[in-house]
Every structure is written in C-alpha cells, then in structure tokens.
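Guided by the hints, dock chain E onto chain B, whose structure is given.
One line per chain: the protein sequences are B and E, in this order. Counting in this note's numbering, the first sequence runs from 1 upward without gaps. Counting in this note's numbering, the second sequence runs from 1001 upward without gaps.
For the record, the hints were derived by calculation from the structure and aren't laboratory data. Please note that the accuracy of each hint is not assured.
[Said to hold, decoys possible] Taking lysine-lysine and the DSBU-like style, the derived pairs with C-alpha atoms no more than 35 Å apart in a straight line are:
(1) E:Lys-1506 / B:Lys-194
(2) E:Lys-1117 / B:Lys-6
(3) E:Lys-1578 / B:Lys-26
(4) B:Lys-26 / E:Lys-1065
(5) E:Lys-1591 / B:Lys-271
(6) E:Lys-1442 / B:Lys-6
(7) B:Lys-6 / E:Lys-1293
(8) E:Lys-1442 / B:Lys-272
(9) E:Lys-1117 / B:Lys-26
(10) E:Lys-1592 / E:Lys-1506
(11) E:Lys-1681 / E:Lys-1015
(12) B:Lys-6 / E:Lys-1592
(13) E:Lys-1641 / B:Lys-23
(14) B:Lys-53 / E:Lys-1442
(15) B:Lys-272 / E:Lys-1592
(16) E:Lys-1641 / B:Lys-271
(17) E:Lys-1015 / B:Lys-271
(18) B:Lys-26 / E:Lys-1681
(19) B:Lys-23 / E:Lys-1125
(20) B:Lys-6 / E:Lys-1641
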Amino acid sequence: MLPNVKEFIRPETVQEAYALLEKNRKATVLLAGGTIVSQMRSSNIETIVDLRKTGLDKIVQKPDEIAAGAMVTAEQFRQDRLIADRYGDFFYDSFGLIGNWQLRNMITLGGSIAPRLGWSDITTCLMTVGASLLVYGQDDYQTLCIGDYFQIPSSERPIITHIILPDEDWRYAFYRFARSAFDIATLNMGIAMKLNDRRIVSSRIVCGSRPMFPARMESVEESLVDLNFDEQTPGIVRSLVYDNFSGGSNMIASSEYRNHLASVLAERAVKKIGEIIL
Amino acid sequence: MKTSAPERERVVGSKVTRVDAVEKVTGLAKYAPDIYFDRMVHCALVIARKPHGILHKIDASRAQKLPGVFGIFTYKDVPGKNRLGEVVDDMPCLVAEGETVKHYGDVVAVVAASTQKTAEEAARKVRLTIEELPAVLDIEEARRDEIRIHGSSNVSVHKKIRKGDVSKGFSRADLIIEDNFMASYQEHAYIEPQGVVVLPDTDYGMTVYGSIQCPYYVQSSLSKVLGFPMSKVRIIQAETGGAFGGKEDVPSFVASYAAVAAYNLKRPARLIYPREIDIHTTSKRHPVKSRYKMGFSKDGEILAIEVDAYMDMGAYATLSPVVMFRTLVHAAGAYSVDNVSVDTYGVYTNKVPPGAFRGFGSPQVLFAVESMVDEASRRLGIDPVDMRMKNALREGSRTSTDQLLTESVGAVETLDKVNELSNWKELNERVEAFNRGSLFQKRGVGLSHIIYGVSLGAQGQHIDKSGAHVQINRDGSVDVRIGGTEMGQGAKTVMAIIAAEELGQKLSQIVVHQTDTAFVPDSGPTVASRTTMFSGNAVRIACKSLRERLVKLYAELNSCSEDEVELHDGMISCGQDKGMPFDELIEEAFKKNVKMFEAGWYQSPVLEWDPESGIGQAYITYSFASQVVVVEVDMITGNTKVLEAYTVHDVGKAINPEGVIGQIQGGFVQGMGYALSEDLKMLNGRILTDNFNTYIIPTIRDIPRVFKYGIVEDEFSEGPYGAKGIGEPSLMATPPAIANAISRAIGRRIRHIPATPEYVLNVIKEDAE
Chain B
1 MLPNVKEFIR PETVQEAYAL LEKNRKATVL LAGGTIVSQM RSSNIETIVD
51 LRKTGLDKIV QKPDEIAAGA MVTAEQFRQD RLIADRYGDF FYDSFGLIGN
101 WQLRNMITLG GSIAPRLGWS DITTCLMTVG ASLLVYGQDD YQTLCIGDYF
151 QIPSSERPII THIILPDEDW RYAFYRFARS AFDIATLNMG IAMKLNDRRI
201 VSSRIVCGSR PMFPARMESV EESLVDLNFD EQTPGIVRSL VYDNFSGGSN
251 MIASSEYRNH LASVLAERAV KKIGEIIL
Chain E
1001 MKTSAPERER VVGSKVTRVD AVEKVTGLAK YAPDIYFDRM VHCALVIARK
1051 PHGILHKIDA SRAQKLPGVF GIFTYKDVPG KNRLGEVVDD MPCLVAEGET
1101 VKHYGDVVAV VAASTQKTAE EAARKVRLTI EELPAVLDIE EARRDEIRIH
1151 GSSNVSVHKK IRKGDVSKGF SRADLIIEDN FMASYQEHAY IEPQGVVVLP
1201 DTDYGMTVYG SIQCPYYVQS SLSKVLGFPM SKVRIIQAET GGAFGGKEDV
1251 PSFVASYAAV AAYNLKRPAR LIYPREIDIH TTSKRHPVKS RYKMGFSKDG
1301 EILAIEVDAY MDMGAYATLS PVVMFRTLVH AAGAYSVDNV SVDTYGVYTN
1351 KVPPGAFRGF GSPQVLFAVE SMVDEASRRL GIDPVDMRMK NALREGSRTS
1401 TDQLLTESVG AVETLDKVNE LSNWKELNER VEAFNRGSLF QKRGVGLSHI
1451 IYGVSLGAQG QHIDKSGAHV QINRDGSVDV RIGGTEMGQG AKTVMAIIAA
1501 EELGQKLSQI VVHQTDTAFV PDSGPTVASR TTMFSGNAVR IACKSLRERL
1551 VKLYAELNSC SEDEVELHDG MISCGQDKGM PFDELIEEAF KKNVKMFEAG
1601 WYQSPVLEWD PESGIGQAYI TYSFASQVVV VEVDMITGNT KVLEAYTVHD
1651 VGKAINPEGV IGQIQGGFVQ GMGYALSEDL KMLNGRILTD NFNTYIIPTI
1701 RDIPRVFKYG IVEDEFSEGP YGAKGIGEPS LMATPPAIAN AISRAIGRRI
1751 RHIPATPEYV LNVIKEDAE
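Pulled out of the complex, with its shape left as it was, chain B reads as follows:
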C-alpha cells in the first residue's frame, strides 16, 4: 500500500518521465505493469509515474538486433513473430511457465528487470540470450549489460527503455523449479550454447532465484570452452554447476537444496540442447 500518494502522472516521453523521477527519487515510483507497485508498502512514495504512454511497448527489428520496449508485456513478447523467428520456442515455452495469462498480460520486461527481483524468470531468460539494456538517464541513452545496470547507484539509475536482443545463432534452454505451478521459482536456470559443429565455442549459464539476483556462472562457462558436445556433456555441466554454485537459504529452500537443484536443472537444460543438436 502506498498511502501517501498525491500525484499520478502519465508522461508521454521517456525524457519527461526521467525528469519527473529526478525531481524526487525517494518519493517517486515508476509504474510499468503494476504487479510490483500494487504490492509495495511505503509511506514515502508521493508520486507515481506511469510509463504506459511513453511508446515503449513495441518490438522492432534493427540491423543486428531486436529491440523490445521496456513496456512490452511477457505475453506480448512470448507471442511475437520476430521473437519466434529468432529464438524458436525458447521464449514461448519459458515465459509460458510464468503465472497465468492475466499475469503475463500485466508483467513487463522492464518492470521485471528494474526492481532487481532475484526470482524473475524473465531476467534469467533475457540474460541467457545475452540481452543488454538501452537506458535513458543523465548521460542520455546508453547501452549496458544487465549486471552493469545495477552497478549504478540507485540514486542515479537511469530508466530502462529497451531490451536489446543480439542477432546470434545459439541454442537455448530454460528450466525452473517451483513448489506449485503458480509459485515463484525456487530456482531457475537458463543455458545458451554457441556451437561450431559439436564444439562448444561459448556458453552462458545463468542461475536465478538463488535466491539472489540471477548471475552467470562464468567459471563453468570457461570450463566448457572447446569441449566437444556429446552424451557426457550434461553430466559434466551438472558437476561443474554443483561445484561452482553460489546461493543461499530462505524460507522457500535451503542453500543445499538449491545447490542440488541448480546442478539438476543445468543437466536437464543441456540435455534439452542436446536433443536439438545431436
């Protein structure tokens, strides 16, 4: 509940929205899909800035990338033709595991990343495909990787305007584990692999809901370089992920169980990639 809200403003440009945010960051909240803001409890918030009219709800093909506006909803993204052409069923299947239709029609891409939710399946999936962020702030527009965005102090953090998806020919798989179909993930895991014939050229191993913010497991990625992808690979990845997991306990699960889950989901994700390429 935000009991002290006095203003609800719907700017028509990102610049205008940023200016409103800058006026008093501590007392202002940006509204994207509404699923987070509706659950907020703060007596400090006096202004809600609704980004609905800022034109950030489109997905467009650029020369070497796809740019998805921050206000694109999870369901819109899931059903988009450009996304399907580029990523096959990856996003359709992965985002289909999130909540229900109603929720996916509210959740936005930018609204999922910006609050730095540890359990966001959307963030894990976007990191898996190597997405970066186009942001607008005091330095005008700039492109940042998702991790770097959160290195900026929250008092200066720019507005996410687009999610930039690289034009690359990788293989992707995503798994989540939750206590019920509607629950947030106990742990989620996205894996992407670039292969030359069967040689692993590069990979992204992204683990979310650890319960901390999703993170790439770079030491695992390095160990996989130049490995030949065969029937042994899922087991190898499972062991590597198990040994290199970094996570914690909360009321949903213990650190030990998450460690186990991370290795199991990683193995399953690699197996799924194997089903595509082998």
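Below, chain E without anything else, positioned relative to chain B:
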C-alpha cells in the same frame, strides 16, 4: 397423506442452482467489510510480537497524539471478564501489564481511529516494554517441562482409549511395525480474512455483523467480555467467505476486541484483519507428533494397535481438548480391531494456538494410521485394497471405542466402488509398466480408507442440537431461519431443498436468511459436518408441521381425503383434481387464521461414553471414504505431481448432489495442499509465511487432470432423507492417499507432511546412503 411421490421428481437429490449464487457472483452479497454505519470507527490491533515475556508497560502516548485517533483500549477498558476461550478460557482478551505474553500474536491493545490507515499507524506507535523469557517452541521441549507456560505442566490434557489387551494382540502378531509420524500446521486460507462490525444497538446492547461460523459462541463470549446479559448481545452473520473451522472460535475473539472499542466509544467499531495479522494471530491445524505400533497376522488382520499422539496446542488451549477427542477416536482408523490403546496429549508451547480445522484433529492421525496399514500391506505382500477390505467396518462391527455399528456403514462399498472407479488392478499394472521404462520419474499408487464421526460426538453432546424457524408469508414465499451458518459450503441450498421438498413450494420461493441469534435459539456450532443433519432435521420438522396444516386445509376445501393430497413444485392437488397453486392455498390459510409459522428442534440421540476408558458411543454415526491417488515423483528433485485421483464418499444421502461434488473437489484440493506444499515456516515463534506469496496453496494448475468421484448412499435413519455429512471427510482421505502414493513411488516411507520436494528428496537420499 402422501409424504413423497415416487412418480414425480423429488427436489431432494436433484440438480439445482445454488440459492445464493447470483448474489455472490454479482457482488451483491454483503460481507463484513461492505457493512457501514454512521460514526463508525476503524480498529487495529497491537500485538506482542514476542513469543514469551513479561509485559511491563504499555505506552500509548505517541499513538494517542495522532490526529484521528479516538481511543487506545487496553485490559483496563474491558468492562467484563478479561478472558477468552470457548472450551478452556485460559486466554486473556487483552494482555494486562504485569502478566506474561505467551505468543507472538497475543493481543495487547485495540486502537480505534477515523480511518483504517490511522488506526494501523497508531497501533505501530504503541510501545510495549516486554522482558523476554525463554520460549518453548516445540513439542519435545514442552514435554521436558523446563519452562512452563501455564500451571504445573505443559502437558495439560490427556485422553485415552483402552479396548481389549494390546499386549495379547501383539503376542499373536506375525508382523509388528513401529513408526513415528509428524503432521505439521495447516493454515485455513479462507478467501475472506476475519472481520466484524460491532455497534451499540437500539436495544441498548450490542449487535455484531461478522464473518462468523458459530454466532452463539460469539454471543456467549461478548456477553462475558462486556458483562452484558446474552439478551443484550445479538449476532447477525454477514456473508462469510470461507471458514473451514478457522471462524469457529476466533470470531469470538475478533468481536470481543472490536466490542471493547464500541463499548468505550459508544460508536460502531469495525475490525477487519489484514491477511498478515490473520495468519499471525488466528488458529491453524494442530501439529501432531505420533508414535504407532501395530500388530498384524500374516493374512493381514490387524490384531493390535497402540498410539501415542502429542498435539501442539500453542499458547492457549482454547478448543484443543475437544479437537483432541476426535484425534483420540480416529487414531485407530476405519478398522475393526479388538485390541486398541490410544493416548493423546495436548502440550502448551509459545506459539499461535491452533484450533478447529476441517477434520478437527483427525487428518493428522489418519495420515499416520493409513501409512502404517499401507506399510503392512507392502511387507505382507497383500493388495492394499484387500488389506483394507479384510479389516473394514461393517454393520455389526465395533469401532476402536467398542461402539456397535448397526446401520449406515458404507465403508466396504466405498472400497468396492473406488476399486472399480480407478480400475485398480489395471491402474497398478499401468504404473508398474511406466516405472519399468523410467529411471528418474517414478509413479506410485496410493490408497486411503477413512472414517469420520459425524457431529460433535459424546464429548459435545450437551451442545449437539439445532433449531429452525419456518414462516410462510401471505404471498406463499417462505422464510427459513436456521442456527447453522452458510460460509460457502452450501448450507442455504440444502435447507431450501429440504423446505421445498417438505412444503411442496418452488425452490425459488424459499429464502434462507443469514443466521441471527435474535430469531433462532442457541443451535450449537456450525462444525463437525453436522449442519445438513442438525439444521436440516430442524427445518424438516418445522416444515412437516406446516405441511400437515396445508394438507388438512386443502382436503377440507376440496372435500377429499388427506391421504390423497399431494404438494409439489408450487402446486397442491388431490387425486385427479386440477389442483391449486401453493400461494392461493396460503391465501386461504391466512383468511382462516391458520398458523403459518413453526419452529423445529432436533437434538442428538444420547450417547453412552466412559471418558476413563474411552469406551462407548463416540459419535451418532460415521461417514466413510476411500481414495486412490496416482503421483509422479521426480527422483532427482523430490518434486511430486498428483496425476490422477479417484475418491468415493459414503454420505448417507446426497440431498444436493452438486454441493456434495463441490465439497469432494474442494476438500481434495485442500488436502493436497496439506500433503504437499502448505509449509508454515516459523522463526522464534513468529510465522514467516504470513501471506500467500510464501504460504503456497494449490492452484488450478496443480490439480490432477484425472479426477473421478463416486457417491455411496447408505442412508442413516436419523439423518434427513438419510443424509450424514461430507464437509470434513472430503479432505481427510487425501493426505494419506498422497503420502502412500509417494511412498510407493520412491520405495521409502513418507513420515512427515507436508511432503515438500526438499523433504522427499532427503528421504530418497537418506535411505539410499
């Protein structure tokens, strides 16, 4: 006079639309938060937020300065007795300075303000000085009695059954199994949290509107707290959005807090719990830790059973002693056993006091006893259905309390029917075939067979009665008032069906009103799956008297025999005559000053019971159920999916079959949550999972794709049209069926519910190591 007409369709047993459906779906129905009165104040509670300690000081000075705060009320402002508790009044209404707080949710003060926001803000500003004491946080710690919460021992309640000689039974046994089980908390998760509006009324007393399961409990409690005679306390039940036992005694507490504010301010006071306060302060299903020892012959006969069960009562006993009676009687399961020894104990801890919850202390032990029977069938190589069939209760059998069953024992029929419904043999073969081809996903078939004692039983027979008032208006419309309550379970529809059946009026012309203590005398609580039987019988009795008068009148008007008169669907006729609309006959009755209202009263038959030995007639009758569940367990993550469910219930008679089906479905899903995902987490006596983002109840995406049900109608002569009860048994068969299915799937015994993925994985790993 014809009492029924086989040639025409009866209302009883037919498919009807819920009588309250339109109002609930369109939002016309008025729940407590929808009720508003002029000058009404909004209340919020100040709770201890410490598990155990001495309350030295309540400092409300900062809170009182907030604009809009009308009053902050403490124990000093309680006009009557500062005690609460329906069965044991060991709970303060508001904890006094100098006394101990005994759990995190103990209520210390009530804040009344102009808005909800101000009340909550003021509540946060009330400073409590509490000297913390070491807290007792589990059953074992409580049993050691190193820290005592009340009186001389934390183990304050003990009940027992001694039937036959268990040592003789064990000496004859070919197989003896011993095991320990733990069934944890379950939160009611009713969709509408607790809430009341209390107002000083025109009779110079107090009237309460609220989300209430047992209005007479609230009336009694308020009378004590306010120091008013009961005649000055009126309770009107608002529409109630689910209760499941959670609104049995708790609304007495909620209304008492609001009443203290209303009394002192002489203004209407509204207290609606936020979900978090609801979860922190109100009752749950009791955690029960049990030890079982059972002896079997090699052909599967149960020769002896010995049980010790410890129930965590939390900080206050409240309803626990009567919950424990049901635990006691159900501990030995749905079987005919000659040698039974059961001991149940209630222990105090510094945690939220559990209370009534669908099944009332029996699901915890039915999970355990059904796990034991399943394990025995596995070890003896006997088919689980055959094993149950061999020991099942039949007419002429005696229960664990040595009660002779003389009628309406549908146990065997539920087993037969679930066997047929699930295609048991083929189902097992199908699952075995799947398992042969799957390394990491394993399926299991679980069976459960349960018993449920209908109504309050021997220990509650002094309050096991119900009244009803039925009035036919001049236009033929009918007012029905009952002492039981509608809380979503469909009681109004059942009462309307009974009235329509007996009076011959159209169902659409029957109005079953919200329960109001001013109209119907104390009818006991709406619990124990007793409403259809008790309120239903009361309505039927009242309607029968009215019907007799209508038949007599019609026969006189038409010069025909009373035996030939028939009432049905808004028409009254005699033989082959053209008949008369019901409302025209009522017009005639009014012209002739025929009495067109009647009271009905039904009370429990007397039950003989010896509390010393636990031998006797525990309940007036029993419902039975059998259930088959298929699960798939991910052997690598421990995750369980329920794939198929087959459930058969002996309900005596399904007066409203659609309602029975709804109960069967809802009870199954709630039982599934209890068995698998509803994991109430605590830290130092504080509940961490205080909303539904962390306390995980099943959703529509978790329910099995195959769900088949069957209804057995083995009629009970005391029940209206033979009906017994379905509200609670609908849940009770599910936890053991799921636990047994997981055990069969993983080849290891599940001894704890909820069987979360992490727990199941640990069972798989521990036994493998």
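Against the structure, the hints come out as follows:
1. E:Lys-1506 / B:Lys-194: Answer violated: Lys-1506 (chain E) to Lys-194 (chain B) is near 72 Å, above 35 Å.
2. E:Lys-1117 / B:Lys-6: holds (15 Å)
3. E:Lys-1578 / B:Lys-26: Status violated; Cα separation ~80 Å.
4. B:Lys-26 / E:Lys-1065: Roughly 27 Å separates the two Cα atoms, so the pair holds.
5. E:Lys-1591 / B:Lys-271: Not OK: Lys-1591 (chain E) and Lys-271 (chain B) at ~85 Å, beyond 35 Å, violated.
6. E:Lys-1442 / B:Lys-6: Given pair Lys-1442 (chain E), Lys-6 (chain B) is violated - Cα atoms ~57 Å apart, limit 35 Å.
7. B:Lys-6 / E:Lys-1293: violated (66 Å)
8. E:Lys-1442 / B:Lys-272: holds (20 Å)
9. E:Lys-1117 / B:Lys-26: Between Lys-1117 (chain E) and Lys-26 (chain B) the Cα gap is close to 21 Å, so the pair holds against 35 Å.
10. E:Lys-1592 / E:Lys-1506: holds (23 Å)
11. E:Lys-1681 / E:Lys-1015: Distance of about 42 Å is beyond 35 Å: violated.
12. B:Lys-6 / E:Lys-1592: violated (67 Å)
13. E:Lys-1641 / B:Lys-23: violated (51 Å)
14. B:Lys-53 / E:Lys-1442: At roughly 51 Å apart (the allowed maximum being 35 Å), Lys-1442 (chain E) and Lys-53 (chain B) break the hint.
15. B:Lys-272 / E:Lys-1592: Distance of about 84 Å is beyond 35 Å: violated.
16. E:Lys-1641 / B:Lys-271: holds (22 Å)
17. E:Lys-1015 / B:Lys-271: Outside the cut-off at roughly 51 Å; violated.
18. B:Lys-26 / E:Lys-1681: Cα-Cα ~33 Å, so holds.
19. B:Lys-23 / E:Lys-1125: holds (31 Å)
20. B:Lys-6 / E:Lys-1641: The hint is violated at about 47 Å.
When held up to the earlier numbered hints, the structure conflicts with 1, 3, 5, 6, 7, 11, 12, 13, 14, 15, 17, 20 and fits the remainder.
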